Amino acid sequence: MTQRKMKWFGLAMTSILAVSLSACGGGGSAATNASGGGASAEPTGGDGSKSAENVTITFQNIFPDASDPKNKMLKKIVAQYESENQNVKIELDTLNTDQQKLKLKTQAASKEVPDITVVNPAAQMQPFVDADLFAPLNDMVEENGLKDTFQSGLLDYYTFDGNLYALPDGNNIGVVYYNKKLMEEGGVEVPTTFEEMIEAVKTLKSKGIQPMVIGEKDSWTGSFLFMNILLRTNDGPGFLQDVMDGKKTFEDPAYVEAIAAFQELVQAGAFQDGATSFDYNAGENLFKTGKAAMYYMGSWATGGIETAEVSKDGNVGVFQFPTVNGKGDPDEFMLAPGSAFAISKDSEHLEETKDFLNYFMLKFPQEAFDVKGAVGIAQNVEGDFKAAGYSDMAMDVLDLFEKVKGGDLAFDNTMNPGTTQAHLSGTQSLFVEQKDPAAVAKEQQAAYEDNK
Amino acid sequence: MNVLKVSRWTIAAFILPCLIVYVGLVFIPILVSLYSGLLDWNGIGQSTFVGFDNYVRMLTNDSVFWPSLRRTFTLAGFSMLVQVPVALLVAILITRFVRRPNFLVSSYFLPVILSVAIIGQLWKTIYNPASMGGMINGILTSIGLESWTHSWLTEPNVAIYAIILVSLWQYLGYHILIQFTGIQNIPDEIYEAAKIDGADGFKADRYITLPMVLPILKISIVLSFIGSLQSFDLIMVMTGGGPAHATEVLASHMYNMSFLTMKYGYGSAIANVLITICLITTVLINFLFNRVDKRYS
Numbered sequence: 001m002t003q004r005k006m007k008w009f010g011l012a013m014t015s016i017l018a019v020s021l022s023a024c025g026g027g028g029s030a031a032t033n034a035s036g037g038g039a040s041a042e043p044t045g046g047d048g049s050k051s052a053e054n055v056t057i058t059f060q061n062i063f064p065d066a067s068d069p070k071n072k073m074l075k076k077i078v079a080q081y082e083s084e085n086q087n088v089k090i091e092l093d094t095l096n097t098d099q100q101k102l103k104l105k106t107q108a109a110s111k112e113v114p115d116i117t118v119v120n121p122a123a124q125m126q127p128f129v130d131a132d133l134f135a136p137l138n139d140m141v142e143e144n145g146l147k148d149t150f151q152s153g154l155l156d157y158y159t160f161d162g163n164l165y166a167l168p169d170g171n172n173i174g175v176v177y178y179n180k181k182l183m184e185e186g187g188v189e190v191p192t193t194f195e196e197m198i199e200a201v202k203t204l205k206s207k208g209i210q211p212m213v214i215g216e217k218d219s220w221t222g223s224f225l226f227m228n229i230l231l232r233t234n235d236g237p238g239f240l241q242d243v244m245d246g247k248k249t250f251e252d253p254a255y256v257e258a259i260a261a262f263q264e265l266v267q268a269g270a271f272q273d274g275a276t277s278f279d280y281n282a283g284e285n286l287f288k289t290g291k292a293a294m295y296y297m298g299s300w301a302t303g304g305i306e307t308a309e310v311s312k313d314g315n316v317g318v319f320q321f322p323t324v325n326g327k328g329d330p331d332e333f334m335l336a337p338g339s340a341f342a343i344s345k346d347s348e349h350l351e352e353t354k355d356f357l358n359y360f361m362l363k364f365p366q367e368a369f370d371v372k373g374a375v376g377i378a379q380n381v382e383g384d385f386k387a388a389g390y391s392d393m394a395m396d397v398l399d400l401f402e403k404v405k406g407g408d409l410a411f412d413n414t415m416n417p418g419t420t421q422a423h424l425s426g427t428q429s430l431f432v433e434q435k436d437p438a439a440v441a442k443e444q445q446a447a448y449e450d451n452k
Numbered sequence: 001m002n003v004l005k006v007s008r009w010t011i012a013a014f015i016l017p018c019l020i021v022y023v024g025l026v027f028i029p030i031l032v033s034l035y036s037g038l039l040d041w042n043g044i045g046q047s048t049f050v051g052f053d054n055y056v057r058m059l060t061n062d063s064v065f066w067p068s069l070r071r072t073f074t075l076a077g078f079s080m081l082v083q084v085p086v087a088l089l090v091a092i093l094i095t096r097f098v099r100r101p102n103f104l105v106s107s108y109f110l111p112v113i114l115s116v117a118i119i120g121q122l123w124k125t126i127y128n129p130a131s132m133g134g135m136i137n138g139i140l141t142s143i144g145l146e147s148w149t150h151s152w153l154t155e156p157n158v159a160i161y162a163i164i165l166v167s168l169w170q171y172l173g174y175h176i177l178i179q180f181t182g183i184q185n186i187p188d189e190i191y192e193a194a195k196i197d198g199a200d201g202f203k204a205d206r207y208i209t210l211p212m213v214l215p216i217l218k219i220s221i222v223l224s225f226i227g228s229l230q231s232f233d234l235i236m237v238m239t240g241g242g243p244a245h246a247t248e249v250l251a252s253h254m255y256n257m258s259f260l261t262m263k264y265g266y267g268s269a270i271a272n273v274l275i276t277i278c279l280i281t282t283v284l285i286n287f288l289f290n291r292v293d294k295r296y297s
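The listed protein sequences correspond, in order, to chains P and C. This note's numbering puts the last residue of the first sequence at 452; the count rises by one with no breaks. This note's numbering puts the last residue of the second sequence at 297; the count rises by one with no breaks.
Where hints are given, some of them may not hold.
[What the hints assert, rightly or not] Below, computed lysine to any residue pairings styled on SDA-like, alpha-carbon distance capped at 25 Å:
| # | chain 1 | residue 1 | chain 2 | residue 2 |
| --- | --- | --- | --- | --- |
| 1 | P | Lys442 | C | Pro67 |
| 2 | P | Lys101 | C | Gln46 |
| 3 | P | Lys111 | C | Ile30 |
| 4 | P | Lys435 | C | Phe65 |
| 5 | P | Lys405 | P | Met244 |
| 6 | P | Lys452 | C | Leu59 |
| 7 | P | Lys442 | P | Asn416 |
| 8 | P | Lys442 | C | Asn157 |
| 9 | P | Lys435 | C | Glu155 |
| 10 | P | Lys207 | C | Glu146 |
| 11 | P | Lys180 | P | Gly269 |
| 12 | P | Lys101 | P | Glu184 |
| 13 | P | Lys452 | C | Gln46 |
| 14 | P | Lys202 | C | Leu223 |
| 15 | P | Lys291 | C | Ser142 |
| 16 | P | Lys111 | C | Leu31 |
[Stated by the list, open to error] Here are a few chain C residues that face chain P, going by a calculated C-beta distance under 8 Å:
| # | residue |
| --- | --- |
| 17 | Gly45 |
| 18 | Thr48 |
| 19 | Val50 |
| 20 | Lys124 |
| 21 | Thr154 |
| 22 | Gly242 |
| 23 | Ala244 |
| 24 | His245 |
| 25 | Phe259 |
Because the hints were derived from the structure by calculation, they are not lab data. Keep in mind it's a predicted model, so treat the numbers as computed, not measured. Virtual Cβ for every residue (Gly too), placed ideally from N, Cα, C.
Input sequences plus hints: build the corresponding full structure.
This is the structure we're talking about:
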């Protein structure tokens, strides 16, 4: 009796082990699974379409939010193109940003990149370019004068060894948004130096007003702000480039000073309690719902803030990040060339795909302008923003764009992923404990050498 | 042995589909990951064979690996030593004192079927600072225990325990259900016979319920242990491994390495360590229980 029972339990145990192990090995099997997932994203019309009669193009994109104007715009342009080119069908593979990043990586591992996909500039797209996955767009961008629609110099971030591999949809700068009403209640002015900013933070804090908010669970947010401080303490752009060229190290005084300044801001109580458990959206929502006085972010946030409740009666203003310890030039900004569309080198319908993307990018600026999404796009827009009903804040942001005299890219767009992750968690740690800036800098240098 | 009197070929034919799926989805990926653990590979481009470099690095020069291993085992320990016994106690109490237990058991089971993302968001709100309407801190403040308030998810020393609590809470109902069913299956005659012999109440639990529910308890323990070894989703939702790796466990470390740091080979090496630990502990638990089993049979 017991013997028989034991056997059954043995069987049960084995099956449980089987199940748990399969889950256990999940991480390792991601690549293999992905080949299955990737296959479905492949152009489905592949079989009968060699004659270029019926063509299906897979368009991976990151505009999943149906209430986002960009989503509607995307569908509109695609529908237009399809009606003008009856033989072409555009299949949208719409994902949110993080999903798309992951999916593309797994697809790339099995060399099944969709016809059109989305990548980030500079260092972030380097591995994909090195793996020879994308088609050069040098000839395509010349057609129909597409190249001239882009802001000058912007395409450089997507160009490797003289070959252009992707076309960006955005180009943004780091700015500080502020809630006019809360600033007034706290009796503080828009700070023109970092020292004033710290004072403003303390004053606001003492009056029970949340000075700043941040979504530091997504650690790039803190890094973006930190890099702006570094842009000042280094008295100009190019610090990371100098590190990579071997001219400087992370233990350089400018870097240490930036950590110290950043820490001072955190210790002054600038950010909300538990900032490291707020993700990007949750952090931004605090500002959008009028719970904080200041918010540092890329200008891509303009659209969202503009339509939020806090912006009623022109309540939100925007200012340039101030000088730090008297160093730096406020007209130098954190530059954030946006995510960009790239075309798979192995696309079955390379010509048609290029033709479509060319069409798409040509239509992009005007359509974006019409849905009030033209602040911070990569291309020059013709049109009267004011007359089209853009808000005062949007106009202010556009004015700041005029002032840009140069600046730095975000950390992850400059350095390799390994160094970046060390930097991100190092910056995040400043939110939870006080550290010796020199020690943090030293750790960063070690991580950099480790990942070289 | 062959009580069903069917040919070996028939047995093979019935086993084969499952076996193929099992091998294809479990063994082959494990083999692939064993191999990629030996590579220096970013997951996209060229890979170089580096032998056991990844493992050497992991064991000697990775400041995140050992702490996350320790946390993984803390989590597993808590769920084995706290969650399962509590579940057993609740199951015994329900069987003994509740006349219509189904509703209670289902309510305890409810969190298990909720998505982890929802659970995570829910508890994040509960853990929030009082100024953001966090429930725990709000209660503590209102009863005058302000010094006990923490920002639960962002203090490096506290955060992991805050997450462990949530995971224990979520899966408690699962183990209650398993053990409740196990206790229900014990024949009533045994209790009646024991009652005549003078063993009643908790004495009966000690000498009848516990030994007879042992096999079920074993399943529960293995499930909870292995489940917590690979815990990942809750941590990703609640803290993402932060602040600064303070809540990183092996699985999340593996994910970060493979997909954020783009060291796919290194991530695979961590995965392999995780697989090995899963295997060893399963065998170990089985071995221990077999010994306990023998004592009682």
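Quick rundown of the hints versus the structure:
1. P:Lys442 - C:Pro67: holds (21 Å)
2. P:Lys101 - C:Gln46: holds (19 Å)
3. P:Lys111 - C:Ile30: holds (21 Å)
4. P:Lys435 - C:Phe65: holds (22 Å)
5. P:Lys405 - P:Met244: Holds: Lys405 of chain P and Met244 of chain P sit about 23 Å apart, inside 25 Å.
6. P:Lys452 - C:Leu59: holds (20 Å)
7. P:Lys442 - P:Asn416: Answer holds: Lys442 of chain P to Asn416 of chain P is near 18 Å, not above 25 Å.
8. P:Lys442 - C:Asn157: holds (24 Å)
9. P:Lys435 - C:Glu155: At roughly 15 Å apart (the allowed maximum being 25 Å), Glu155 of chain C and Lys435 of chain P satisfy the hint.
10. P:Lys207 - C:Glu146: holds (21 Å)
11. P:Lys180 - P:Gly269: Holds - the C-alpha atoms of Gly269 of chain P and Lys180 of chain P are around 20 Å apart, at most 25 Å.
12. P:Lys101 - P:Glu184: violated (42 Å)
13. P:Lys452 - C:Gln46: holds (16 Å)
14. P:Lys202 - C:Leu223: violated (51 Å)
15. P:Lys291 - C:Ser142: holds (23 Å)
16. P:Lys111 - C:Leu31: holds (21 Å)
17. Gly45: holds (4 Å)
18. Thr48: Result: violated, 13 Å to nearest chain P Cβ.
19. Val50: Violated, about 14 Å.
20. Lys124: holds (6 Å)
21. Thr154: Because about 5 Å separates Thr154 of chain C from the closest Cβ in chain P, which is inside the 8 Å limit, the hint holds.
22. Gly242: Because about 5 Å separates Gly242 of chain C from the closest Cβ in chain P, which is inside the 8 Å limit, the hint holds.
23. Ala244: Check passed: Cβ of Ala244 of chain C comes within 3 Å of chain P, closer than 8 Å.
24. His245: Holds: closest Cβ of chain P sits about 6 Å from His245 of chain C, inside 8 Å.
25. Phe259: Interface hint status for Phe259 of chain C: holds (6 Å vs cutoff 8 Å).
The structure does not agree with the numbered hints 12, 14, 18 and 19 stated previously, though it agrees with the rest.
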